[in-house]
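Undergrad: Given next are the chains, with one letter for each unit.
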Amino acid sequence: MTLVELRAGLDEQTLGRELYDCVADLYPICRSITGEGVRETLRRLQRQLPLTIHEVPSGTEVFDWTVPPEWNIRDGYVKNARGERVVDFQRSNLHVVNYSVPVRARMSLEDLRPHLFTLPDRPEWIPYRTSYYTESWGFCLSQRQLDALPDDEYEVCIDSSLGPGSLTYGECYLAGESADEILISCHVCHPSLANDNLSGMVIAAFLGRHLAALSRRYSYRFLFVPGTIGSITWLARNEPAVERIKHGLVLACLGDAGRFTYKKSRRGDATVDRAATHVLRQLGDHEVLEFSPYGYDERQFCSPGFNLPVGGLSRAQHGRFPEYHTSGDDLNFVEASPLGASFAACLAILDVLESDRTYVNQNPKCEPQLGKRGLYHPMGGTSPSPVNEMAMLWVLNLSDGQHSLLDIADRSGCAFDITRQAAVVLGEFGLLREAAQRCDERER
Amino acid sequence: MTLVELRAGLDEQTLGRELYDCVADLYPICRSITGEGVRETLRRLQRQLPLTIHEVPSGTEVFDWTVPPEWNIRDGYVKNARGERVVDFQRSNLHVVNYSVPVRARMSLEDLRPHLFTLPDRPEWIPYRTSYYTESWGFCLSQRQLDALPDDEYEVCIDSSLGPGSLTYGECYLAGESADEILISCHVCHPSLANDNLSGMVIAAFLGRHLAALSRRYSYRFLFVPGTIGSITWLARNEPAVERIKHGLVLACLGDAGRFTYKKSRRGDATVDRAATHVLRQLGDHEVLEFSPYGYDERQFCSPGFNLPVGGLSRAQHGRFPEYHTSGDDLNFVEASPLGASFAACLAILDVLESDRTYVNQNPKCEPQLGKRGLYHPMGGTSPSPVNEMAMLWVLNLSDGQHSLLDIADRSGCAFDITRQAAVVLGEFGLLREAAQRCDERER
Amino acid sequence: MTLVELRAGLDEQTLGRELYDCVADLYPICRSITGEGVRETLRRLQRQLPLTIHEVPSGTEVFDWTVPPEWNIRDGYVKNARGERVVDFQRSNLHVVNYSVPVRARMSLEDLRPHLFTLPDRPEWIPYRTSYYTESWGFCLSQRQLDALPDDEYEVCIDSSLGPGSLTYGECYLAGESADEILISCHVCHPSLANDNLSGMVIAAFLGRHLAALSRRYSYRFLFVPGTIGSITWLARNEPAVERIKHGLVLACLGDAGRFTYKKSRRGDATVDRAATHVLRQLGDHEVLEFSPYGYDERQFCSPGFNLPVGGLSRAQHGRFPEYHTSGDDLNFVEASPLGASFAACLAILDVLESDRTYVNQNPKCEPQLGKRGLYHPMGGTSPSPVNEMAMLWVLNLSDGQHSLLDIADRSGCAFDITRQAAVVLGEFGLLREAAQRCDERER
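Protein chains in written order, with this note's numbering: chain A, 1 to 444; chain B, 445 to 888; chain C, 889 to 1332.
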């Protein structure tokens, strides 16, 4: 099966529900940048795609960073004098500051207060906080919970461990016709947060599952890594392989009901930037952002020593939606329908990358006579031509070895799919052949 | 006489009336892509300019195309049972589908109906239809005529011929100081349609008549060709000559009352594109369109194997006005005044092309003292300077061998005419000389 | 002291008052393009900065121009029959047309009228007129004054002299670490006009005074020259030195209450153009104009034979404010506060030029770990970081030897000051070093 056929037969609604179910399955797990939560998550994703799980020992130096000790947690709570859990990790894993060191103590509310974090502006929501590189502990709770706490003596317990272990990440490589790679990366370190980034993880996993069954021009590499330290670790361990990455996408926040957002690579004019921009324009309302060195792991892929052509695809933008990094980013915040549409958009972008080729018009002097080949509407004909005539004229006019199909689609305003269809038909009639040196490869 | 002097003395109103009279003279002729209608049209145009009439035999191969059989028509009608002509070629040559094969038959309305073409949305107008490359026959009529036809037996007659003959086109070459050419092309294949394209034909012919009497920097080549097959035929027969074409315009739809439209060449930044854009901007409301591979014969001149710097000048846009390819495009749709103004606009564009030169300021370090040469307004003087001072300052400032007059006009916002006038005066005072290598020629 | 420290400690209000006092001190002097008025003005400016006063004899040829005879004036008036001065140079030096030849005569109002200049649209204001290169004489007066003159016999006296002498200009050179120069130029030829250009003169003088006390990367050259003939004279006498000018500003009209205007150099993308644009954008409402060959002495510096990277900084625009070249441009039209702010803006632009450098990220593969260096906000920290984190990320991401700090500031939207501060801190931690070949110097 080809990607074109997969897309043609795709049932977005059904697929969206499958994606949602997978998000729901992974939602309760308490993930962090290391530990059992990530391992369990990757094991479950192995049901979708052939994922290799890598373990990198704590203390390993990765460029300027060091793989941290491994963190695990079993329980955590604040009990009041009557022994009632007023803050309880079992109810939400957001309640304990991620990477909190173990603690077991009794203290007054006054002494406890510096360890409590709330969102006064969003009194119902629990914030999500981490302390990866500073030994510390704390609890996150809603402002309403905090307001209800009387002066009392509280029992505090965080039953966690922090010590030598390893950082865990998942990797899936699908070989294609070419050793040139398309990278799909997502972060897997957030606990019970649905959009950021269970949505990205399940879409990446499903992409891998479906692409594994297709014929592929490019090889694909899927990374499921803890944010920042995970991508840095992968880059440090795979530095020589990096030059094979010709296009890449970081996936995150793809399950909410908002419009699409594409964030360009540092290069700004990479083919993936143009492919994603083209696809989103066809899909309707969207936003394209210039690169900035903040956000998700494109920060690392686009650091100046790598400068990879990797952009970011999202709906809600990093840090720009109220539910971001709060308990508001729950299973109600993501929906099947946008998950399905996000998956389809990813396929459409990959389809452009797979299909973008440069052709040479074999009849470059004047137009070829399309009519004698049955490619032009007859007089008075009201039935549409099997192929878009304007797209054929554009492909013929611009196929001089200097314009790829994506160039032609962008300049003509014809959708890439229509443009490609025109090129296929023209090729069948011998009016086009692929250019010896493909300009869609020159920029790499 | 020079082009500048011709323009200065031009009486647009009188010329517009002459153009209109010429349109009216040619209007009744039934033209097609071959046949006597084209020949008669070209013969009448020979009154205006020294036109050579070429005949290319049917069956000649021209790139991917073949010159078709010649078509001629004497009469055509649909008669009702009482012998009345209910559709009559003698009333309008649009009534017979152009290139209809001969037919003589009696048939019911039901059997006739597939051969009848109307415009339901424009019930008073007769459509214009052709069937050049598919043997067929048919009648075009107004919806109102069709609605009035009762069930009846009809006599159908098309007294046409289709067989070996030739394709006819006209060509006029005016040698100039340089062998470099400016191409003016128009299509001559439409029957009684006034704007599309009698307006283009008569303006091209009048341009030839007037330019023949002038001193010319460039050589000029005027083509009067049937659309598509005519330009393809000319290109196939004149391939080596094509490289001498440095600028070109396809003229069509120049007699209606709408604003000007310029369609850029495929190159998009050819000098003719910039010259036409400059002139239309000076003239006021107008539209500049990017190139697209649809429209008139610029499609052929701008095919990738030629990629000539040929744009298109029109008022109403190809296919975008209701009267397009209907009997609504009649002698009431075109007017003397816009014909005259279109002629003047063509001259203005050609004048830019003729006059665009690159100069070198002979006093490049600081401004020259214009006052001591009488070129600067004296104190308290209220009479305007004989030459626009800002234009002089711009020409002096940018004449470094890198900017042509058109570049300077565009950057300064001064009209080209004013800019040239400043350059002439500065040249008279020895402050400018022409650059050895003219940058206005470099881009060719 | 450094420029950064000077700016940090600057009291704009106090400085604005000092600038205003200096404008007020110079206001009464009758300046022209030559003569005692310029000399006295330059002598007073020597209190501010170490100004060398140059004298260039009348008749000296400077490119296409000749240094004119020197003009001086002691008195001028029109007396009515009763001996009353109805127009009196002692009340305003604008009353006598600048460069008027001596005259002493009695004449009727009718005979006098061709020598009288008013502004009918601004009946209260006296116009400013000159006649440098045409021997003539005249009086300027308000329309109201003129309307009040009865038919009478008038005594006319202009007690001026016009003869061999010299053209006077001031120059101050401050050597810096590099022989590369920043040019600051202003015109000193206008009589009692406050904004045009006492404001420019005093700001230039104060810049010189303050910069003299600082460590400087660049050398600075300050020119106090009569408009047009003065800059032409300087360029003619210093032609070989011109190539050392890497950036330049012409200062004029900086004391009114309007927004800032920056007029780009002829190059349009010179570093000074980008620095000034950046600074004005940070300051708020402003206007950036493309270069045009009209205005102040940038006309000469940007003539094609020099094409220096010299822009113009103003508030009110040359010729675009009603008070321009009238008695309305008086001590009420300029104010201390905008003078102070203009001075500060000049310093900010110079600071960008002084500080713009290109760095290379020493940890280019992935981000360095800012947290372990105390450069990243700790968990839950609400106190702002000592350094803007986004600015650090931008500097790290773009410091690949291809982007200067100004490039980074423009692309990131961070103020240059913030960007530089980030670079300084990153440099202290060894994360940046200056590039061997600085791209901020390549364009020169």
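If you're looking for bench data, these hints aren't it; they were derived computationally from the structure.
Note that the structure is predicted; figures quoted are calculated from it, not measured.
In this text, a Cβ means the ideal position worked out from N, Cα and C, and glycines have one as well.
Incorrect hints may have been included.
Derived SDA-like pairs (lysine to any residue); straight-line CA-CA distance at most 25 Å [what the hints assert, rightly or not]: (1) C/K1260 - A/Y133; (2) A/K372 - B/A592; (3) C/K967 - C/L1004; (4) C/K1253 - A/K372; (5) C/K1253 - A/Y27; (6) A/K79 - A/L149; (7) B/K809 - B/L819; (8) B/K809 - C/L1004; (9) C/K1253 - A/K365; (10) B/K816 - C/E949; (11) B/K809 - B/D844; (12) C/K1253 - A/W65; (13) A/K372 - B/S663; (14) A/K372 - B/D844; (15) B/K816 - C/K967; (16) A/K365 - B/S663.
If we take Cβ atoms under 8 Å as the criterion, some of the chain C residues that face chain B in the derived model are [as the list claims (entries may be wrong)]: (17) L1034; (18) Y1061; (19) Q1188; (20) G1193.
Quick look at which bits of chain A chain C covers, simulated, 3 or more residues with Cβ under 8 Å [to be verified]: (21) 24 to 34; (22) 63 to 76.
Undergrad: Indicate, hint by hint, whether the structure satisfies it.
TA: Results of checking the hints against the structure:
no., hint, result
1, C/K1260 - A/Y133, "holds (8 Å)"
2, A/K372 - B/A592, "violated (37 Å)"
3, C/K967 - C/L1004, "holds (14 Å)"
4, C/K1253 - A/K372, "violated (58 Å)"
5, C/K1253 - A/Y27, "violated (33 Å)"
6, A/K79 - A/L149, "holds (11 Å)"
7, B/K809 - B/L819, "holds (18 Å)"
8, B/K809 - C/L1004, "violated (36 Å)"
9, C/K1253 - A/K365, "violated (50 Å)"
10, B/K816 - C/E949, "holds (14 Å)"
11, B/K809 - B/D844, "holds (11 Å)"
12, C/K1253 - A/W65, "holds (11 Å)"
13, A/K372 - B/S663, "violated (37 Å)"
14, A/K372 - B/D844, "violated (54 Å)"
15, B/K816 - C/K967, "violated (34 Å)"
16, A/K365 - B/S663, "holds (24 Å)"
17, L1034, "violated (14 Å)"
18, Y1061, "violated (21 Å)"
19, Q1188, "holds (5 Å)"
20, G1193, "holds (3 Å)"
21, 24 to 34, "violated (count 0)"
22, 63 to 76, "holds (count 3)"
When the structure is compared with the earlier hints, violations turn up for hints 2, 4, 5, 8, 9, 13, 14, 15, 17, 18 and 21 and for no others.
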